[in-house]
Amino acid sequence: MEILKNIESIRNDFPILNTKVNGNQLIYFDNAATSQTPSCVINSISDYYKNLNSNIHRGVHKLSQLATERYEESRKKFKEHFNARSTSEIIFTPGTTHSINLISNGFTEFVNEGDEIIVSQLEHHSNIVPWQMLCEKTGAIMKVIPMNEKGELDISKFSALLGNKTKVVFVNHVSNALGTVNPIETIIKKSHEAGAAVLIDGAQAAPHFEIDVRKLDVDFYVCSAHKLCGPTGVGVLYGKKEWLEKLPPYQGGGEMIDQVSFEKSTYAELPNKFEAGTPNISGVIASGIGLDYINKLGLENIKEYEDYLLDYATSKLEEIDGIKIYGESKAKVSVISFNIAKIHPYDIGSVIDNLGIAVRTGHHCAQPIMDYFNIPGTIRISFSFYNTTEEINILIDALKRASKMLS
Amino acid sequence: MKISNIQNKIVEEFDIFDTWIDKYEYLIELGKSVPKISEENKKEENIIKGCQSKVWLHAKKQDGLVKFYADSDAIITKGIISLLIRTFSNQKPSDIINADTDFIDKIGLRQHLSANRANGLNNMIKKIKFYAIAFSKKR
Chain R
382 MEILKNIESI
392 RNDFPILNTK
402 VNGNQLIYFD
412 NAATSQTPSC
422 VINSISDYYK
432 NLNSNIHRGV
442 HKLSQLATER
452 YEESRKKFKE
462 HFNARSTSEI
472 IFTPGTTHSI
482 NLISNGFTEF
492 VNEGDEIIVS
502 QLEHHSNIVP
512 WQMLCEKTGA
522 IMKVIPMNEK
532 GELDISKFSA
542 LLGNKTKVVF
552 VNHVSNALGT
562 VNPIETIIKK
572 SHEAGAAVLI
582 DGAQAAPHFE
592 IDVRKLDVDF
602 YVCSAHKLCG
612 PTGVGVLYGK
622 KEWLEKLPPY
632 QGGGEMIDQV
642 SFEKSTYAEL
652 PNKFEAGTPN
662 ISGVIASGIG
672 LDYINKLGLE
682 NIKEYEDYLL
692 DYATSKLEEI
702 DGIKIYGESK
712 AKVSVISFNI
722 AKIHPYDIGS
732 VIDNLGIAVR
742 TGHHCAQPIM
752 DYFNIPGTIR
762 ISFSFYNTTE
772 EINILIDALK
782 RASKMLS
Chain Y
50 MKISNIQNKI
60 VEEFDIFDTW
70 IDKYEYLIEL
80 GKSVPKISEE
90 NKKEENIIKG
100 CQSKVWLHAK
110 KQDGLVKFYA
120 DSDAIITKGI
130 ISLLIRTFSN
140 QKPSDIINAD
150 TDFIDKIGLR
160 QHLSANRANG
170 LNNMIKKIKF
180 YAIAFSKKR
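These protein sequences, in sequence, are chains R and Y.
Sequence positions in the first sequence follow my numbering and run 382 to 788.
Sequence positions in the second sequence follow my numbering and run 50 to 188.
It should be emphasised that the hints constitute simulated quantities derived from the structure, not laboratory data.
In this text, all values refer to a predicted model and were calculated from it rather than measured experimentally.
Simulated pairs of lysine to aspartate or glutamate, EDC-like, Cα-Cα distance not exceeding 16 Å:
no.: 1; chain 1: R; residue 1: 785; chain 2: Y; residue 2: 74
no.: 2; chain 1: R; residue 1: 711; chain 2: R; residue 2: 692
no.: 3; chain 1: R; residue 1: 785; chain 2: Y; residue 2: 71
no.: 4; chain 1: R; residue 1: 711; chain 2: R; residue 2: 685
Non-contacting residues of chain Y with respect to chain R, defined by C-beta distances greater than 10 Å in every case (computed):
no.: 5; residue: 90
no.: 6; residue: 95
no.: 7; residue: 99
no.: 8; residue: 107
no.: 9; residue: 109
no.: 10; residue: 111
no.: 11; residue: 116
no.: 12; residue: 143
no.: 13; residue: 174
no.: 14; residue: 182
no.: 15; residue: 183
no.: 16; residue: 184
no.: 17; residue: 186
We put the beta carbon where it would ideally sit given N, CA and C, even for glycine.
Same shape as in the complex, but just chain Y (with noise of 0.2 Å):
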C-alpha cells in the first residue's frame, strides 16, 4: 500500500476513538504487534537517542524494499514506534525518504505527548529518514 494511504487509514482508525485515553490503548495494542529487532540488534548504536524509554530501531533491505524492526522498554514507545514502521516498513527507500510524517499530529497524539518524548517521536522518524536514504544509495 502506498505510505500516504496507510497514513490516513491510522487516522481514520484513531479518529473512532472520541478520547485521549482509547487513542492511548488502541496505541498501546499497536504496539504489541511491533516487528521485534532480534537480541544481537539491541546495540548501543541501533537506540534512539532522545526518548526517555530505550528505543531500538534496525533495518535491512530486502528486494529493494526497506523493513524495519523495533523494539522499546515503555509501552507507549513502542506503540508510537510501532505505528511509524507501519508506516514506513515494506517500502521502497525513495517513497521513505519522499513521505509526509504530519500524520501523527492528525492523529492527536503529538499533544498528549510530552516535549521528551516529542523529541524522541522526531528522532525515531529522522532514524527513519537516514535508513532510506543509505539503503537508496546501496544497490
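Isolated chain R, as found in the complex (with noise of 0.2 Å):
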C-alpha cells in the first residue's frame, strides 16, 4: 500500500501531528469536521502576505496581475480534477454552506408554490435549512427520501417521491455523520428523467475518490477546501454553464459587474457574476497547493488506504463490549459513528479528549438521523491518510477505559 509505506514522511508534512494535547500526542480523528494542513499549504498562505498580497482582477500593477495568475491558476486546478468543461463552471465561495445557499437562493427564481424538492433524510442541515427557507418563501414542498436502519437511502421509495412537480433535488454525496455512499448516479438519472436539477453536496466525498461531474451529469456539485487539505474559508462550487447562466446573482456589489449607474447596472460574465467582492485570495491560492498534494498521493492510493484504516477499526470497536456502530452500508468511506452502551457520547468524548484523542460527539449536524435513531448523538471518528492503525489502538484502549469510568 502506497501510503503505508510512506506514511512517516506524510506525517511530517502535517506540522499539527506533533502537538500536544493535555499532555498527550495528538490523536486527530475529526476529519470528517476538517482535514489538517500540509506545511506547503500554510507556507503558500504565508508567502503570499510575504511576497504576493494585492488585489486581484482589477489591477494594472504586477503584483496584481501575479495575483490574478496563482488564483486563477486554482481555479483551472479545481476545472481540471472535477472534469469540468470549463473554468467558468468553477466558482470559488466561503464554504459548502455558502454555495449551497447561493443556489437555493437562485432557485426562489424558478420554484412556484406547489412546486416540490427534495431532500434526504440523511442530509446535514446546510442541506436542509437553506431549501426550508425556499420552500417558506415560494410556497414550494419538501419532501424526504427516507433512510433504512443500515444508514441507506431508500431508493425504491425515491421513484416514488418524483413527479412532475419536482424542480430540485437535492443529495449528500456520502453522509457526514455515517460514512454512507449514496448512489447518486441513480439519483440523478432518475431526476433527470423527471425533469428536475440535481444538486449534490459533496464535502464529504471530495477528500474520498474522484469525482468527474460530467461523467456524472449533475447540475450542481459543491465541496469545502478545507476538507481537502486547504484553508477554512473557501468552497469550490460547479455549476453547469446552462444553470450558473439562468440563476440570479446572490451578493451584489464589486467584481460581479459589468457596468454601474444608478438607474441600472449589469453582470459580469461567469465565474464572477457569482464571486462579489474581495475573495479569500490567499485562501483560493492555497486551496490549489491543497488539492496538488491530494493529486500527487493519489485519490486511489488514498481510498485503498482509507479503506484498510476503516476494516481495522470497525473490527477492533466490535471487540468493545456494549458497542453499537450506526451506518452499516456496503458502501461507507472512512466514518464510523457509534455508542458505546448507554452512555452519552459527550461523557466518552469528553474523557478520551483528556488523553489526547479528537473525535467529535453530538448530532454532527445531522438532527433527522438521531432523530431517526431516538438517540441524543453519537461519537464520530474519520480517518484521513496521515492517521494509522496505532492511533485507532491507542483509541480502542481509551474507549475501553472510559466506558469503565462511566457505567
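Could you use the hints to bring the two separately framed chains together as a complex?
Rendered as C-alpha cells:
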C-alpha cells in the first residue's frame, strides 16, 4: 500500500500532528469536520502575504497581475480535478454552506407554490435549512427520501417521490454522520428523467475519491477546500454553465458587475457573476496547493489506505462490550459513528479528549438521523490518510477505559 | 454553611486528587447524589441551553431559602450540576446572587471541559442566578 509505505514522511508534512493535547500526543480523528493542513499549504498562505498580496482582477500593477494569475490557476486546477467543461463552471465561495445558499437563493426564481423539492433524511443541516427557507418563501413543498436502519437511502421510495412537480433534488454524496456513500448516479438519472435539477453536496466525498462531474451529469456539485487539505474559508461550487447563467447573482457588489449606474447595473459573466467583492485570495491559492498535494498522493491510494483503516477500526470497535455502530452500508468512507451501551456520547468524548484523542460527538448537524435512531448523538471517528492503526489501537484502549469509568 | 466555605471545601476535596482521571471519577461519584428533579419538571423550559447533553434544572423557595433540583442524561454533566447545587442550594437568594463562581476553575476542571461543556457550565450558573433573582423579588 503506497500510503502505508510512506506514512512517516506523509505525517511529517503535517506539523500539527506533533502537537500535544492535555499532555498527550494529538490523535486527530475528526477529519470529517476539517482535514489537517500540510506545510506546503501553510507556506503558501504565508508566502502570499509576504510576497504577493494584492487585490485581483482589477489592478494594472505587477503584483496584482501575479496574484490574479495564481488565483485563476487554482480555478483551473479544480476545473481539471472535477473534469468540468470550463473554468467558468467553477465558482469559489466561502464554503459549502454558502454555495448551497447561493443555489437555493437562485432557485427562488424557478420554484413556485405547489412545486416540490426533494431532500434526503441523511442530509447535513446546511443542505436542509436553506431549502426550508426557500419553501417558506415560495410555498414549495419539501419531500424527504427516507433512510433505513443501515443508514442507507431507500431508493425505491425515492422513485415514488419524483413527479412532474419536482423541481430540484438535493442529496449528499456521502453522509457526514454515518459515512454512507449514496447512489447518486441513480438519483441523478431518475431526477433528470422527471425533469428535475440535481444538487449534490460533495463535502464529505471529495476528500475520498475522484469526482467526474460530466460523467455524473450532475447540475451542481459543491465541496469545501478545508476538507481537502486546504484552509478554511474556501468552497468550490461546480455548476453546469446553462444553470449558472440562468441563476440570478447571490451577492451584489464589486467584481460581479459589468456596468454600474444608478439607473441600472449589468452583471459580469461567469464565474465573476457569483464572486462579489474581494475574495479569500490567499485561501483560494492555497486550496489549489492542497489539491495538488492530494493528487500527488493519488485519490486511489488514499481510498485504498482509508478503507484499510476503516476495516481495521470497525473490527476493533466490534470487540468492545456494548458497542453499537450506526451506518452499516457496504459502501462507506472512513467514518464510523457509534455509541457504547447507554453512555452519553459526550461523556466518552470528554474523557478521551483528556487523552489527546480528538473525535466529534453529538448530532453532527444531522439531527434527522439522530431522531431516526432515537439517540441524542453519537461518537464519530473519521480517518484521513495520515492516521495510523497505532492511533486506532490507542483509541480502542481509551474507549475501554472511558467506558469502564462511566458505567 | 456559607457559600464561600462550601466552595473552599469543594476545592480542597478535589485537591486530594492529582490526576484529571481521579478528579473526573470523583465528579462522577458526586453526580450520583444530585437532588433529583421530578419527572413532571423535566420540561422543555427547564432544560439548560448550550449543553450537548440534556440538563434539567428546577428550583423552589422554601422557608426563605432556594432549593435546586436537577438531572442530566450525561454522567459528567450530572456531576457538574451536582457540584453547583451543593454550593448554591439551601441558600438565601441574595447570597446566591452575590456569590463568586470561579471556584470551578480552582478545581482545575474548566480546562478539561470542552468549549461546549464550558458554555453549558456558564449557562447553568446563569440559570441558578436567574432563579435567585426571581425568588428575591417574590415573598
